[in-house]
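Take a look at the letters that make up each chain.
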Amino acid sequence: MNRHARRLALLIAPAAAVFCAFWLLPMVRIAVLGATGPRGLAAYSAIVTDRRYFDALVSTVALSVAVTVATVIVSGIAGLFLARNRFPGRGLLTAMLTLPLAFPGVVIGFMVIMLGGRQGLIGDLSQHLFGLRIVFAYSIGGLFAGYLYFSIPRVILTMIAAMEKLDPALEEAARSLGAGPWRVLRDVVIPALKPAIISSGAICFATSMGAFGTAFTLATRIDVLPLVIYTDFTYSANFAMAAALSIVLGVITWLVLGLARTLAGASAAAAG
Amino acid sequence: MSTLAQRLRFGPRLRFGLQLFVTLAACVFLVAPVLMSILAGVTRNYFIGIRSGLTLQWLAQVWELYRQTIYLSLQVALTCVAVTLVIGVPAAYVLAKSRSRLTRLVEELLVLPIAVPGLATGLALILTYGGLREFRASWLFILVGHVLFTLPFMVRSVLAVMTTIDLNTLEEGAASLGASFRQRLFGVIVPNVRSGILAGALMVVTLSIGEFNITWMLHTPLTQTIPVGLADTYASMRLEIGSAYTIVFFVMIIPLLIAMQMISGRRRPARIVETADAGAARE
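As they're listed, the protein sequences go chains A and B.
For the first sequence, our numbering begins at 1 and goes up steadily by one.
For the second sequence, our numbering begins at 1001 and goes up steadily by one.
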């Protein structure tokens, strides 16, 4: 037994050492650093007391919520379509919808420039159709498009998997009992998909909160939290504030993911 | 096929049409810019358009200017796979064997680097180890960031397979035949979790090649990976060069993505989705 336990400890030691030395220790260090700047512990409350940080927090949360809602709706509809219909090219369509999964934020920013930049596709089309060049890549619209771009592929896979588990007979039964399409959606489909919606929505929200590369490439004037942290660190050399804000942001995303896992687990248990 | 036909004939056509429209619109939204950037990368002058002629000059220029970033990305990605294999597979084994409260806690902790934004991890690393000049200036600094970020994916991928096979029976069988632990590990356990190791390795390479948020904080002018070079090009070079460089990135990442999808098609898809997406560190 002892020998067995010792062996297990020895086997996990390298991973634990790397994690402690290069993640846990640095995180503890910046957590302390955040409290030892000119503001002291107040650096941690600056996110709500300081106008600039609070505005950034509000716009980041608002953007992330909007993106999450839009993503869940679009991916839900497309996921339902792909799960329920069999047709030639379905595999290809699914593959195309999940293609951007491995794109980093910078590339996604560039994709938005390709769509809505000064030489973008949408500008070309609108010029052609209305004689007016629409350029949205560098505004809040560009950020929204970029975040939607990296969110759809993640959510859609979860949605397809969840819907394939959903028994169409349940919907048939509701329909034969006289329920209209909206009732079926509201009372049968959405409750059955609730765990998938919660967990993929939370991932989408947390990713949007922490997204840096996309906003960095688009170089918008809208201050999202990760850009504020980066600016404080790089240009103002305000290390303590950048550290405190990173910790706050990390705690937010971690809590959202943890909460969603608990909720999704609970409602999955309730549904099953 | 029949479902589609049935729906067209008997089903509520409007609902079907709407679903089809949303699906196709999402697809165009995701794929059109990819195709456009590929086109822009081989067009002589994108402002004038295709009629200015096709060319490989931008790709040649990218190769000239950014060759080093391709080498470094490959070097970091392959080393990262090696490291995550060596430290991740034993960790997964321990997590599969022992379901104590301590190992649950370790499992939770190991996932933290993907639950917090990469920017925070990068900042923490640079504020803690930035003073070590040699380390800071070497590519190993970037490797450390990538290992932290990819390790959870390797561990989970291997652990997922380990929990589906009867590890204890396999091991006991081998032990009763006199196999030492080392023999059991390399002769029994590793071959049985091959699929998890392969899936994990593919994911680690893919994520490492595409990693930007941590790398951007950790890089120096002499240690630039492809995404770092891309950010640089997008900000300061003409659109055609940025596009050509993006083509290079696509050529590296898309085969990996297809391989990953082929593997996940053979295994339980839900699990792959979970491992592929958990976390906020990505964009």
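The set of hints was computed from the structure by calculation and includes no laboratory data.
Since the model is a prediction, treat every value here as computed from it, not as a measurement.
Any given hint could turn out to be false.
Facing chain A, a subset of chain B residues (Cβ under 7 Å, in silico) [unchecked claim]:
hint : residue
1    : G1017
2    : V1031
3    : L1035
4    : L1039
5    : W1063
6    : I1087
7    : A1096
8    : S1100
9    : V1116
10   : L1125
11   : S1236
Counterexamples of contact, computed for chain B against chain A with all Cβ distances above 12 Å [claimed, not checked]:
hint : residue
12   : S1037
13   : V1042
14   : R1044
15   : L1078
16   : T1084
17   : K1097
18   : T1103
19   : T1121
20   : E1134
21   : I1165
22   : D1166
23   : A1174
24   : T1215
Derived Cβ-Cβ restraints for the label pairs, each shown as a range [stated by the list, open to error]:
hint : chain 1 : residue 1 : chain 2 : residue 2 : range
25   : B       : R1133     : A       : L10       : 48 to 58 Å
26   : B       : G1053     : A       : R261      : 19 to 29 Å
27   : B       : R1194     : A       : L121      : 42 to 52 Å
28   : A       : L129      : B       : I1254     : 47 to 57 Å
29   : B       : E1108     : A       : T36       : 25 to 35 Å
30   : A       : L121      : B       : R1044     : 13 to 23 Å
Each residue gets a CB set at the ideal place from its N, CA and C atoms; glycine is no exception.
Here is how each hint holds up against the structure:
1. Hint on G1017(B) is violated. Least Cβ distance to chain A is approximately 11 Å, over the 7 Å limit.
2. The interface hint given for V1031(B) holds, since its Cβ lies 5 Å from the closest Cβ of chain A, which is under the 7 Å cut-off.
3. Interface restraint check: L1035(B) against chain A, minimum CB-CB distance 9 Å, threshold 7 Å, status violated.
4. Residue-level restraint check for L1039(B) is violated (minimum Cβ-Cβ distance to chain A is 10 Å; threshold 7 Å).
5. Using the Cβ-Cβ criterion of 7 Å, the hint placing W1063(B) at the interface with chain A is not satisfied: the shortest such distance is roughly 19 Å.
6. The beta carbon of I1087(B) comes within 4 Å of a beta carbon in chain A, closer than 7 Å, and the hint placing it at the interface holds.
7. The beta carbon of A1096(B) is not positioned within 7 Å of any beta carbon in chain A (closest approach about 10 Å), and the interface hint is therefore violated.
8. Hint status for S1100(B) relative to chain A: violated, with the closest Cβ pair at about 10 Å, above 7 Å.
9. Taken as an interface hint, V1116(B) checks out: its beta carbon lies about 3 Å from the nearest beta carbon of chain A, inside 7 Å.
10. With a cut of 7 Å, the hint placing L1125(B) at the interface with chain A holds, because the nearest CB-to-CB distance is about 5 Å.
11. Residue-level restraint check for S1236(B) is violated (minimum Cβ-Cβ distance to chain A is 12 Å; threshold 7 Å).
12. The beta carbon of S1037(B) sits about 5 Å from the closest Cβ of chain A, which is not more than 12 Å, so the claim that it is off the interface is violated.
13. At roughly 14 Å from the closest C-beta of chain A, the C-beta of V1042(B) stays outside 12 Å, upholding its exclusion from the interface.
14. Against chain A, the non-interface label of R1044(B) holds: every CB pair exceeds 12 Å, the least being about 14 Å.
15. Taking the minimum C-beta to C-beta distance to chain A, about 17 Å, the non-interface status of L1078(B) holds against the 12 Å cut.
16. Not every C-beta of chain A lies more than 12 Å from that of T1084(B), the closest at about 9 Å, which undercuts listing it as non-interface.
17. The claim that K1097(B) lies off the interface is violated: its Cβ sits roughly 6 Å from the closest Cβ of chain A, which falls inside the 12 Å cut-off.
18. Listed as a non-interface residue, T1103(B) fails to keep its Cβ farther than 12 Å from every Cβ of chain A; the least gap is roughly 8 Å.
19. With 12 Å as the threshold on Cβ separation, the claim that T1121(B) sits away from chain A is violated: the shortest Cβ distance comes to roughly 7 Å.
20. With a cut of 12 Å on Cβ distances, E1134(B) stays outside the contact zone with chain A, its closest approach being about 16 Å.
21. Every CB of chain A is more than 12 Å from the CB of I1165(B) (nearest about 18 Å), matching its label as outside the interface.
22. Its beta-carbon lying about 18 Å from the closest one in chain A, D1166(B) satisfies the requirement of being farther than 12 Å from that chain.
23. The claim that A1174(B) lies off the interface holds: its Cβ sits roughly 15 Å from the closest Cβ of chain A, which is beyond the 12 Å cut-off.
24. Listed as a non-interface residue, T1215(B) fails to keep its Cβ farther than 12 Å from every Cβ of chain A; the least gap is roughly 9 Å.
25. For the pair R1133(B) and L10(A), the beta carbons lie near 33 Å from each other, so the given range of 48 to 58 Å is not met.
26. The hinted window of 19 to 29 Å between G1053(B) and R261(A) is violated, with their beta carbons roughly 54 Å apart.
27. Separation of R1194(B) from L121(A) is about 44 Å and conforms to the stated range, judged on CB atoms against 42 to 52 Å.
28. The beta-carbon spacing between L129(A) and I1254(B), approximately 32 Å, falls outside the hinted interval of 47 to 57 Å.
29. As the Cβ distance of E1108(B) to T36(A) is approximately 28 Å, the hint placing it in 25 to 35 Å holds.
30. The hint said 13 to 23 Å for the Cβ distance between L121(A) and R1044(B), and at roughly 19 Å that hint holds.
Checked against the numbered hints listed earlier, the structure breaks hints 1, 3, 4, 5, 7, 8, 11, 12, 16, 17, 18, 19, 24, 25, 26, 28; every other hint is satisfied.
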